[in-house]
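Number of protein chains: 2
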Amino acid sequence: MTYNDTFIRACFKQDVKHVPVWYMRQAGRYDPEYRKIKEKYSLLEICRQPELAAQITMMPVHKLGVDAAILYSDIMNPVASLGIDFDIVKNIGPVIDNPIRSAADIERLRPIDVDKDLSHILETIRILDKELNVPLITFAGAPFTIASYLIEGRPSKNYILTKTMMYSEPHLWFSLMDKLGDMVITYVRSHISNGGKAIQLFDSWVGALAPKDFEKFVLPTVTRIFAELSDLNVPKIYFPGVSSGELLPRLSNLQSDVIGLDWRLSISEGRRRTSGRFAMQGNLDPFILTAPMDVIKQYAKEIIDDGIAEPGFIFNLGHGLFPEASLDKLRELTEFVHEYSASQIQS
Amino acid sequence: MTYNDTFIRACFKQDVKHVPVWYMRQAGRYDPEYRKIKEKYSLLEICRQPELAAQITMMPVHKLGVDAAILYSDIMNPVASLGIDFDIVKNIGPVIDNPIRSAADIERLRPIDVDKDLSHILETIRILDKELNVPLITFAGAPFTIASYLIEGRPSKNYILTKTMMYSEPHLWFSLMDKLGDMVITYVRSHISNGGKAIQLFDSWVGALAPKDFEKFVLPTVTRIFAELSDLNVPKIYFPGVSSGELLPRLSNLQSDVIGLDWRLSISEGRRRTSGRFAMQGNLDPFILTAPMDVIKQYAKEIIDDGIAEPGFIFNLGHGLFPEASLDKLRELTEFVHEYSASQIQS
Chain D
17 MTYNDTFIRA CFKQDVKHVP VWYMRQAGRY DPEYRKIKEK YSLLEICRQP ELAAQITMMP
77 VHKLGVDAAI LYSDIMNPVA SLGIDFDIVK NIGPVIDNPI RSAADIERLR PIDVDKDLSH
137 ILETIRILDK ELNVPLITFA GAPFTIASYL IEGRPSKNYI LTKTMMYSEP HLWFSLMDKL
197 GDMVITYVRS HISNGGKAIQ LFDSWVGALA PKDFEKFVLP TVTRIFAELS DLNVPKIYFP
257 GVSSGELLPR LSNLQSDVIG LDWRLSISEG RRRTSGRFAM QGNLDPFILT APMDVIKQYA
317 KEIIDDGIAE PGFIFNLGHG LFPEASLDKL RELTEFVHEY SASQIQS
Chain G
17 MTYNDTFIRA CFKQDVKHVP VWYMRQAGRY DPEYRKIKEK YSLLEICRQP ELAAQITMMP
77 VHKLGVDAAI LYSDIMNPVA SLGIDFDIVK NIGPVIDNPI RSAADIERLR PIDVDKDLSH
137 ILETIRILDK ELNVPLITFA GAPFTIASYL IEGRPSKNYI LTKTMMYSEP HLWFSLMDKL
197 GDMVITYVRS HISNGGKAIQ LFDSWVGALA PKDFEKFVLP TVTRIFAELS DLNVPKIYFP
257 GVSSGELLPR LSNLQSDVIG LDWRLSISEG RRRTSGRFAM QGNLDPFILT APMDVIKQYA
317 KEIIDDGIAE PGFIFNLGHG LFPEASLDKL RELTEFVHEY SASQIQS
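Residue numbers (this note's numbering), protein chains in the order written: chain D, 17 to 363; chain G, 17 to 363.
Mixed in with the good hints, there may be bad ones.
Identical copies carry no separate label here, and so any pair may be met within one copy or between two of them.
No more than 25 Å apart at the CA atoms, straight line, and that leaves these computed lysine to aspartate or glutamate pairs for DMTMM-like [claimed, not checked]: (1) LYS146 with ASP131; (2) LYS317 with GLU231; (3) LYS232 with GLU285; (4) LYS345 with GLU185; (5) LYS54 with ASP198; (6) LYS313 with GLU185; (7) LYS317 with GLU185; (8) LYS232 with ASP321; (9) LYS345 with ASP229; (10) LYS173 with GLU340; (11) LYS29 with GLU244; (12) LYS33 with GLU67; (13) LYS228 with GLU326; (14) LYS228 with GLU285; (15) LYS317 with GLU355; (16) LYS228 with ASP310; (17) LYS317 with ASP229; (18) LYS79 with GLU49; (19) LYS56 with GLU67; (20) LYS33 with GLU351; (21) LYS146 with ASP344.
Treat the hints as calculated values from the structure; they're not laboratory data.
Based on the provided sequences and hints, a complete structural model is requested.
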């Protein structure tokens with residue numbers, strides 16, 4: 017099979033014959049075959065088995081016909097190398113044994129050693145580089161989002177401890193941001209040198225901040241990450257997560273190629289708020305996938321019509337896929353995005 | 017003591033000598049005296065004791081010096097009169113015995129009978145009308161937010177069942193919205209005729225929707241509510257909850273007086289998005305209250321400076337107070353808002 021580079025071309029705002037599609041959490045629990053594997057192994061156990069992790073990464077490429085694969089992994093994986101013990105607990109998420117709360121906790125963090133501690137992830141990437149005929153997106157959690165887990169010790173509804181450190185002990189906060197920024201840069205570089213073809217930085221929870229606090233406490237580190245990765249000739253995506261519409265005007269100087277949007281604002285409004293500098297990725301509300309197929313297609317059509325008005329558009333969801341999603345509907349949606357967008361682009 | 021009508025004047029964009037303040041959940045768990053009462057009685061048990069509920073409502077007026085009281089109650093209270101059994105479960109929130117999932121479930125809902133089922137709430141309002149020297153705000157949950165509890169059966173992270181009904185069975189959805197709209201109108205009217213001096217409609221979770229879905233599935237009912245209450249000469253506040261910035265341009269025709277904002281956008285941006293039609297209420301991130309007092313004051317100062325640039329501003333939080341908040345800091349913040357705003361308004 018020939019290599020499908022549509023996703024890469026769209027990220028770089030080049031001409032495409034159809035709109036490329038992938039779905040956040042496309043290698044996940046909506047797929048019965050994956051659920052069966054999860055009965056036997058935990059997420060972290062799968063990540064330590066490169067052949068299996070590669071196989072899961074490829075499932076949605078074969079089953080849904082998506083234009084990019086995203087590495088089967090978890091944003092928490094690299095923090096193990098910093099010396100943080102955690103587990104991914106069913107129905108909860110990441111749970112940290114010793115949350116980061118003090119200067120001593122932050123000083124204790126080691127620099128990441130990818131070759132020593134995360135070689136299984138690099139091996140998975142190398143396997144996928146040989147086997148895939150679409151680009152492999154690898155990813156890292158952005159510093160705010162990782163920090164929120166490290167400080168809270170588990171997923172949080174309100175980020176009270178994270179915000180307490182940020183507002184009350186900004187010197188601690190910035191030293192943590194610095195260390196997590198270094199971690200992300202080294203981790204992402206290792207992905208690309210082992211065969212990753214694009215990178216997404218997930219800042220899933222940063223939309224909890226007011227814009228001026230995002231600008232002061234988070235943006236400098238995010239800016240540094242993309243600046244220090246700017247020599248890598250692969251598309252770089254920043255996904256500021258849900259409820260991040262007010263942050264977009266502050267992103268205009270990022271050296272990234274793509275911004276991911278949630279469903280709260282349109283693709284054209286996302287472009288407007290970022291001065292048209294980036295390709296846009298998104299942004300169907302994943303829960304529209306509970307509706308009948310004709311409703312789903314109507315929503316997808318409106319997003320595509322808006323997205324293709326300018327070069328640089330990747331169809332995705334506004335948030336990750338949920339376990340109750342239907343594989344059949346996702347396959348039909350992928351086909352629809354391809355066919356409808358191809359007809360609109362030709363005409 | 018003379019009656020302090022500053023809050024009412026600000027809602028109607030009239031001149032004030034200082035910016036009025038109140039806090040969402042100001043009668044709540046941050047107050048040790050209230051926590052002690054809660055050891056003995058549940059929230060619903062307190063609501064059924066008008067003298068006690070009135071006493072709790074007045075606590076923050078005396079302790080913090082706020083310019084308005086808000087009735088001690090819960091947005092779920094009126095649904096009991098529709099025939100829905102629920103409880104407020106500690107550390108969870110409202111839990112419904114028989115969630116609304118079908119046409120039969122919706123048909124079964126009775127019209128609200130405030131005098132028969134909720135006379136204790138009217139009695140609380142009458143007591144407060146005699147005792148307070150600041151306006152009493154009463155409130156109702158808005159139809160989307162109430163529907164999300166009724167359908168999910170408990171607080172939800174993603175509103176999957178709510179959105180499933182909305183997108184897949186819109187006729188059911190609209191019939192539920194109609195019934196909840198009727199409930200709100202009757203309930204609010206009874207508050208005002210018993211001595212309530214202002215009304216806030218809490219649509220705490222409607223920010224989960226894309227703007228066009230808000231416009232299609234929710235706004236018609238919210239519009240009808242305020243239209244049918246328009247003869248009541250009391251300030252009416254619509255609070256579309258967190259992450260609702262993208263919805264604001266759709267609110268411009270509401271017959272309400274005030275819009276509540278979360279911390280994600282500035283007061284001036286809130287005004288801009290609603291064509292300057294409304295007074296604005298908000299919008300300190302409640303978790304800034306974890307910071308030292310000088311940091312809190314700096315954030316408050318910026319919000320006040322922005323808010324008083326136009327007539328019609330009420331200082332509040334962007335979301336409800338949390339149990340770990342400090343009574344002392346809240347008292348000092350209230351004083352600061354009064355004194356700083358008075359000095360700026362005079363000059």
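These are the hints, each one checked on the structure:
1. Taking CA atoms no more than 25 Å apart as the test, LYS146 paired with ASP131 passes inside one copy only; the shortest distance there is 20 Å, against 73 Å between copies.
2. Taking identical chains as interchangeable, the C-alpha atoms of LYS317 and GLU231 lie at most 25 Å apart only when they sit on different chains, with a minimum of 19 Å there against 34 Å within one chain.
3. In this assembly of identical chains, LYS232 and GLU285 lie within 25 Å of each other by CA distance both inside one copy and across copies; the values are 24 Å within and 19 Å between.
4. Only between protomers do LYS345 and GLU185 lie at most 25 Å apart by alpha-carbon distance; the minimum there is 18 Å, versus 48 Å within a single protomer.
5. In this assembly of identical chains, the alpha carbons of LYS54 and ASP198 never lie at most 25 Å apart, being 32 Å within a copy and 47 Å across copies at closest.
6. When the C-alpha separation of LYS313 and GLU185 is checked against a cutoff of 25 Å, the pair qualifies only between copies, where the shortest distance is 16 Å, while the shortest distance within a copy is 48 Å.
7. For the identical chains of this complex, LYS317 and GLU185 are inter-copy neighbours only, at 20 Å across copies versus 47 Å inside a copy, given an alpha-carbon limit of 25 Å.
8. With identical chains, the CA atoms of LYS232 and ASP321 are at most 25 Å apart between copies only, with a shortest distance of 20 Å across copies and 36 Å within one.
9. Proximity of LYS345 and ASP229 under a CA criterion of 25 Å is satisfied inter-copy only: 21 Å between copies versus 40 Å inside one chain copy.
10. Taking the closest pair of Cα atoms, LYS173 and GLU340 come within 25 Å of each other both inside a single copy (22 Å) and across two copies (14 Å).
11. In this assembly of identical chains, LYS29 and GLU244 lie within 25 Å of each other by CA distance solely inside one copy; the values are 22 Å within and 50 Å between copies.
12. Within a single copy, LYS33 and GLU67 get their C-alpha atoms no closer than 33 Å, and across copies no closer than 71 Å, so neither meets the 25 Å cut-off.
13. Proximity of LYS228 and GLU326 under a CA criterion of 25 Å is satisfied inter-copy only: 22 Å between copies versus 29 Å inside one chain copy.
14. In this assembly of identical chains, the alpha carbons of LYS228 and GLU285 lie at most 25 Å apart whether taken from the same copy (20 Å) or from different copies (13 Å).
15. Proximity of LYS317 to GLU355 under the C-alpha cut-off of 25 Å is restricted to the intra-copy arrangement: shortest distance 11 Å within a copy versus 54 Å between copies.
16. Taking the closest pair of Cα atoms, LYS228 and ASP310 come within 25 Å of each other only across two copies (17 Å); inside a single copy the shortest separation is 41 Å, beyond that limit.
17. When the C-alpha separation of LYS317 and ASP229 is checked against a cutoff of 25 Å, the pair qualifies only between copies, where the shortest distance is 15 Å, while the shortest distance within a copy is 36 Å.
18. In the homo-oligomer, the alpha carbons of LYS79 and GLU49 lie at most 25 Å apart inside one protomer (11 Å), although the nearest pairing across protomers, at 59 Å, exceeds that limit.
19. With identical chains, the CA atoms of LYS56 and GLU67 are at most 25 Å apart within one copy only, with a shortest distance of 15 Å there and 58 Å across copies.
20. Within a single copy, LYS33 and GLU351 get their C-alpha atoms as close as 14 Å, which meets the 25 Å cut-off; across copies the closest is 63 Å, which misses it.
21. Proximity of LYS146 to ASP344 under the C-alpha cut-off of 25 Å is found in neither arrangement, the shortest distances being 28 Å within a copy and 63 Å between copies.
Of the numbered hints listed earlier, those contradicted by the structure are 5, 12 and 21.
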